[in-house]
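Chains as they are written, first to last, in the numbering used here: chain A, 539 to 635; chain B, 4 to 690.
The set of hints was computed from the structure by calculation and includes no laboratory data. Think of the CB as a built atom: it goes at the ideal place given N, C-alpha and C, for glycine as much as any other residue. Any given hint could be a false lead.
Claimed, not checked - Within a straight-line C-alpha distance of at most 30 Å, the following computed DSS-like cross-link-like pairs (lysine-lysine) qualify:
id, chain 1, residue 1, chain 2, residue 2
1, A, Lys579, B, Lys655
2, B, Lys291, A, Lys633
3, B, Lys655, A, Lys633
4, B, Lys291, B, Lys507
Unchecked claim - For each label pair, taking beta carbons as the anchor points, the in silico distance ranges come out as:
id, chain 1, residue 1, chain 2, residue 2, range
5, A, Gly596, B, Tyr223, 49 to 55 Å
6, B, Leu681, A, Leu568, 46 to 52 Å
7, A, Gly596, B, Gly323, 41 to 47 Å
8, A, Gly606, B, Lys151, 44 to 50 Å
9, B, Leu681, A, Arg632, 54 to 60 Å
Said to hold, decoys possible - Sample of chain A residues with no beta-carbon within 12 Å of chain B, all distances over it, derived:
id, residue
10, Glu561
11, Leu568
12, Val602
13, Gln618
14, Arg632
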Amino acid sequence: MCLVYARGRRKALRTEVFLDAIELTLLNLLPDDSGLVVALKGGRRFVARLAALGFTPGARVIMVRNHGASPVIVRVLDTQVALGRGQAERVIIRKSA
Amino acid sequence: MHNHLRAHPHHRPPEHSLEQSSPREPRKRLSIALAGQPNVGKSTVFNILTGLNQHVGNWPGKTVEQRTGTLDHHGLVLDLIDLPGAYSLTCSSPEETVTRDYIIHERPDVVMVVINAACIERNLYLVAELLALPAPIVIGLNMIDVAKQEGFEVNPEVLAAAIGVPVIPMIATKGIGVHELIDAAIDVALHGPSGEPNRPEVREDHRQVLAELESLIKGYVPDPYPQDWVALKLFEGDREVIDMMRLQLPADSWEPVQSILQAHEDAMLAVASGRYEWISRMTRAALKRPRSGQVTLTSRLDRYATHPFWGLLILAAVLGITFYLTYSIGGPLQSWLAENVVGGLARWFAVVLSSAPTWMSGLVVDGLIGGAGLMISFLPILLIFFIVMGILEDVGYMARAAYVVDRFMHVIGLHGKSFLPLFLGFGCNVPAIMGARVIEDKRSRIATIMLAPLVPCAARLGVLTILVPVFFPQHATLVSWLLTGLPLVVLALMGMVLKRIYLKDEDNIFIMEMPLYHVPNARTIALFVWNQLLGFLQKAGTTILAMSIVIWALSTLPSGDIETSYLAQFGRLLEPIGRLMGLGWRPMVALLSSFVAKENAISSMSVLYNVSQDPAMLSQALRADMSTAAGLAYLVAQMLFIPCASTVAVIKQETGSWKWTLLNILFLTLLTLVAGILAYQLGSLIL
Chain A
539 MCLVYARGRR KALRTEVFLD AIELTLLNLL PDDSGLVVAL KGGRRFVARL AALGFTPGAR
599 VIMVRNHGAS PVIVRVLDTQ VALGRGQAER VIIRKSA
Chain B
4 MHNHLRAHPH HRPPEHSLEQ SSPREPRKRL SIALAGQPNV GKSTVFNILT GLNQHVGNWP
64 GKTVEQRTGT LDHHGLVLDL IDLPGAYSLT CSSPEETVTR DYIIHERPDV VMVVINAACI
124 ERNLYLVAEL LALPAPIVIG LNMIDVAKQE GFEVNPEVLA AAIGVPVIPM IATKGIGVHE
184 LIDAAIDVAL HGPSGEPNRP EVREDHRQVL AELESLIKGY VPDPYPQDWV ALKLFEGDRE
244 VIDMMRLQLP ADSWEPVQSI LQAHEDAMLA VASGRYEWIS RMTRAALKRP RSGQVTLTSR
304 LDRYATHPFW GLLILAAVLG ITFYLTYSIG GPLQSWLAEN VVGGLARWFA VVLSSAPTWM
364 SGLVVDGLIG GAGLMISFLP ILLIFFIVMG ILEDVGYMAR AAYVVDRFMH VIGLHGKSFL
424 PLFLGFGCNV PAIMGARVIE DKRSRIATIM LAPLVPCAAR LGVLTILVPV FFPQHATLVS
484 WLLTGLPLVV LALMGMVLKR IYLKDEDNIF IMEMPLYHVP NARTIALFVW NQLLGFLQKA
544 GTTILAMSIV IWALSTLPSG DIETSYLAQF GRLLEPIGRL MGLGWRPMVA LLSSFVAKEN
604 AISSMSVLYN VSQDPAMLSQ ALRADMSTAA GLAYLVAQML FIPCASTVAV IKQETGSWKW
664 TLLNILFLTL LTLVAGILAY QLGSLIL
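Can you make the complete structure from the sequences, with help from the hints?
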């Protein structure tokens with residue numbers, strides 16, 4: 539799955555067919571892609587913190603930065619939030635137009 | 004369980020307010036709490052209302068800053084309390100616990116909630132939580148100028164009508180709307196809310212279970228907790244409330260509650276979704292969002308500030324400019340203060356006290372002025388450093404800096420949020436360690452605190468700039484840079500070790516809002532700087548003053564001759580260790596005295612080499628006593644030695660643990676010895 543974002547947009551588009559069966563996480567979004575939150579994986583504290591920032595099922599997220607080993611920056615509810623890669627991986631999403 | 008909150012100063016009538024009230028007619032007091040999520044300009048509102056009339060302390064038993072203030076308003080006395088910034092009230096951070104405990108147990112007359120008009124929906128999440136608590140609220144809709152600039156259109160009247168609580172539009176940085184907010188709050192506090200607010204409910208599919216839960220706990224909820232709130236928090240899976248109710252309920256009633264909670268472990272998301280449903284209903288008519296794709300100021304700036312390459316370059320430039328400003332303006336100011344003000348004072352007292360007994364002029368000139376004066380001369384450097392930091396923080400840049408460095412901080416086991424506190428350490432380690440509070444995870448916070456003393460503070464660097472030219476007149480700049488880098492290299496190595504043995508991967512949670520950029524507010528920055536400096540003066544001032552007198556006394560007693568003083572006797576005990584580093588008893592004592600305050604190293608040397616009257620003689624005396632290798636060893640030791648007494652006190656305060664404090668001292672002492680000995684032995688071979 540890591541290859542998908544590392545190799546850039548074209549590669550990501552080509553593999554999308556297969557990814558439908560696999561769980562997508564925030565890490566799979568490329569900059570300017572948007573997605574809808576499906577679920578949060580983690581303990582109650584983690585879920586509560588993310589929910590308070592706007593990450594609830596159905597919420598629309600737009601990727602702003604996603605490169606290398608840096609945290610991602612996503613736009614959610616009119617705010618930009620930086621999430622460590624470990625945390626971003628626990629936000630399950632579905633791609634949307 | 005919450006008795007500690009009762010001891011709050013706010014509920015003891017402060018003495019000064021008794022003086023103010025007229026003897027005939029005691030004035031009415033109202034308690035007003037100020038709540039809000041981070042980055043909404045809440046502190047600005049608090050600062051405008053209270054000005055310097057505020058008290059900064061800690062919440063009892065917590066390392067969370069507490070700010071209180073009193074103000075007179077149209078014949079009323081208002082006790083204002085600034086609740087810590089919190090995204091929600093789910094008890095996942097000490098800030099959130101403090102906020103909800105305060106409202107439940109202290110029942111303020113009214114809560115003013117400040118929300119950011121540029122991200123209303125997320126900000127209303129806290130409002131949704133506050134509406135479940137037993138205090139009336141008024142909403143301050145702040146930053147309407149920023150919202151407009153970002154393309155939002157908000158109608159406060161429509162929002163107020165929807166929620167059913169007053170909504171006051173504000174631009175706090177310009178003072179607009181702040182007094183209207185307080186008037187609205189007073190109105191609600193005196194006459195009660197005008198009607199029942201519109202409260203959020205849980206998502207429809209969970210309502211029945213919640214009602215069932217509430218009926219099960221009916222009659223068992225202790226005062227002063229609201230029953231429906233306790234049910235909701237149980238449902239959310241709130242640890243603290245679950246523990247409380249387990250003790251309150253008889254075992255056979257607890258069982259059905261527990262089985263409901265187990266069956267609905269995911270209820271947190273249902274509750275949160277219910278809140279957002281409520282929020283979208285509340286804002287449907289009141290909020291018009293910008294067309295998507297509109298490029299805002301913040302996203303334009305962030306294109307560079309968070310860029311993997313440009314972001315680093317910008318950060319390097321920002322740090323460079325910070326240091327340049329601090330030392331190019333602060334440095335000369337410091338020398339000027341030391342020479343003219345402190346030196347002048349010392350000379351003046353020497354003349355005035357010339358007929359007084361020698362011990363008295365010694366005490367005043369060498370002890371008092373020598374110690375406290377040096378500390379005062381560091382104020383310009385700290386002042387400028389904190390002004391720059393305050394501006395960077397207020398503009399919103401610091402979150403970007405934390406983001407950009409995050410991947411590098413991971414190498415040493417920390418994350419981006421540790422960067423700001425560590426950077427503050429270049430000014431003074433005390434605010435650095437207190438600044439580590441922004442890190443939520445305990446282990447990461449402790450690791451940051453343990454590493455912070457290895458950031459060379461202004462005082463350590465000050466000693467460096469004085470002593471390096473003495474031993475390395477030809478290569479002063481190069482040697483200074485190497486010596487500054489040394490503790491930072493040790494910091495990185497230590498971080499890697501801590502990462503292996505102490506930090507766990509799951510502790511390294513990085514969740515951070517990137518606030519919108521906005522024009523800095525002079526008042527906010529001024530108060531930030533004022534509080535930092537006041538903290539430095541109070542913490543450092545008292546210990547430094549006391550200790551410089553003690554050092555002076557030890558160096559004078561019993562005979563008045565330093566060569567035979569108690570201090571010299573003690574220093575000679577250390578000579579065997581010192582010899583390994585090429586150091587005689589005088590530099591050893593100077594090193595030890597730097598425990599009081601780093602800058603003491605110089606003043607102690609002046610006393611020990613008996614050149615107090617003429618500081619210029621110090622370099623000659625030092626060169627006569629120490630070889631270049633010994634000088635190097637001394638400088639290395641000085642850079643790595645245990646931090647000053649005030650820093651140690653703050654380490655104890657913030658870790659709440661003697662174990663960590665002593666471990667830190669022990670480690671740094673050993674490190675100093677090893678590095679000092681190595682520096683001397685290697686230096687003797689090369690230099």
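Given as non-interface: Leu568(A), partner chain B, CB spacing beyond 12 Å: holds (15 Å)
Assertion that Val602(A) lies outside the chain B interface [Cβ separation over 12 Å]: violated (8 Å)
Pair hint Lys579(A) and Lys655(B), alpha-carbon separation not exceeding 30 Å: At roughly 36 Å apart (the allowed maximum being 30 Å), Lys655(B) and Lys579(A) break the hint.
Hinted pair Lys655(B) and Lys633(A), Cα distance within 30 Å: Measuring from Cα to Cα gives roughly 49 Å; hence the hint is violated.
Beta-carbon spacing of Gly606(A) to Lys151(B) - inside the hinted bounds 44 to 50 Å or not: At roughly 36 Å between Cβ atoms, Lys151(B) and Gly606(A) fall outside 44 to 50 Å, so the hint is violated.
Least C-beta distance from Arg632(A) to chain B larger than 12 Å: holds (16 Å)
Leu681(B) paired with Arg632(A), Cβ distance criterion 54 to 60 Å: holds (59 Å)
30 Å Cα cutoff - pair Lys291(B), Lys633(A): holds (25 Å)
12 Å cut-off, C-beta based - Gln618(A) kept clear of every residue in chain B: For Gln618(A), whose nearest Cβ neighbour in chain B is about 4 Å away, the distance does not exceed 12 Å, so it is violated.
Cβ separation check - Glu561(A) to all of chain B, threshold 12 Å: holds (17 Å)
Pairwise hint evaluation, Lys507(B) against Lys291(B), where the allowed Cα distance is 30 Å at most: Status violated; Cα separation ~44 Å.
Range hint compliance [Cβ, Gly596(A) to Gly323(B), 41 to 47 Å]: Holds, at about 45 Å.
Violated hints, in rising order: 1, 3, 4, 5, 8, 12 and 13; the structure is consistent with all others.
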